[in-house]
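Just so it is clear: in the sequence shown, position 62 is 62 by the working numbering, and no numbers are missing.
These aren't lab readings, by the way, just hints derived from the structure by calculation. Predicted, not measured: the structure shown is a model, and the values here were computed from it. Think of the CB as a built atom: it goes at the ideal place given N, C-alpha and C, for glycine as much as any other residue. Just to be clear, a hint being listed does not mean it is correct.
[Unchecked claim] Straight-line C-alpha distance at most 27 Å; calculated BS3-like pairs for lysine-lysine:
1) K130 / K25
2) K161 / K130
3) K25 / K43
4) K161 / K118
5) K118 / K25
6) K118 / K56
7) K161 / K56
8) K118 / K130
9) K43 / K56
[Stated by the list, open to error] Computed Cβ-Cβ distance ranges for the label pairs, DEER-style:
10) D170 / L57: 31 to 37 Å
11) S168 / S76: 24 to 30 Å
12) Q45 / E171: 41 to 47 Å
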Amino acid sequence: MQSTTTNPVRWTVADLAIFEGDRAKRYEIIDGELFVTRAPNWKHQEVCGNIVTLLKLWSDESGLGRAAINPGIVFSESDSVIPDVVWASHERLERLLDEAGHLTAAPELVVEVLSPGKTNENRDREAKLKLYSVRGVLEYWIVNWQEQSVEVCRRENAMLKLVATLYSQDEITSPILPSFSCLVSRLF
1 MQSTTTNPVR WTVADLAIFE GDRAKRYEII DGELFVTRAP NWKHQEVCGN IVTLLKLWSD
61 ESGLGRAAIN PGIVFSESDS VIPDVVWASH ERLERLLDEA GHLTAAPELV VEVLSPGKTN
121 ENRDREAKLK LYSVRGVLEY WIVNWQEQSV EVCRRENAML KLVATLYSQD EITSPILPSF
181 SCLVSRLF
């Protein structure tokens, strides 16, 4: 009897060209695995807008960096993601952007707003947490608009680790965003 083994398909950034015209879905690659999700819903995008607005207002006041919504980050040929919100210092941003305007390395802060569904939650809580940890993100916020909570993961001993789960009445601050502070409820 002859046995056969199949190797899983390893997707690369070049493979994403076949999906270029599809605006109804988001395509990301993590460790060569393709993740396809529907376009985010209204509430998801509203929360992303609130977060990027708060970070932009603080950035304009502090002069320390810039925030963006849905930027592409191409870490490698087999790791390309579209986080919901990022913040990068001016110094880091100068080194991160390629000629096409995509980030090529880790910004200081990445924020993912959870979309409904176990698959989406697992991708953000496991696959993306691992990727952002390995790639050098300093802080990662996992925002759950349904529960109105934020899980804050910070770099400790070269890994992102959960340091706090904050709720509406809590205040969110960050050592990478000096003097930034707001009630979690303002994100929603």
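Now for the hints, and whether the structure bears them out:
no. : hint                   : verdict
1   : K130 / K25             : holds, 23 Å
2   : K161 / K130            : holds, 10 Å
3   : K25 / K43              : holds, 17 Å
4   : K161 / K118            : holds, 21 Å
5   : K118 / K25             : holds, 17 Å
6   : K118 / K56             : violated, 31 Å
7   : K161 / K56             : holds, 25 Å
8   : K118 / K130            : holds, 17 Å
9   : K43 / K56              : holds, 20 Å
10  : D170 / L57: 31 to 37 Å : violated, 20 Å
11  : S168 / S76: 24 to 30 Å : violated, 38 Å
12  : Q45 / E171: 41 to 47 Å : violated, 24 Å
In summary, the structure is inconsistent with hints 6, 10, 11 and 12 from the numbered list given earlier, while agreeing with the others.
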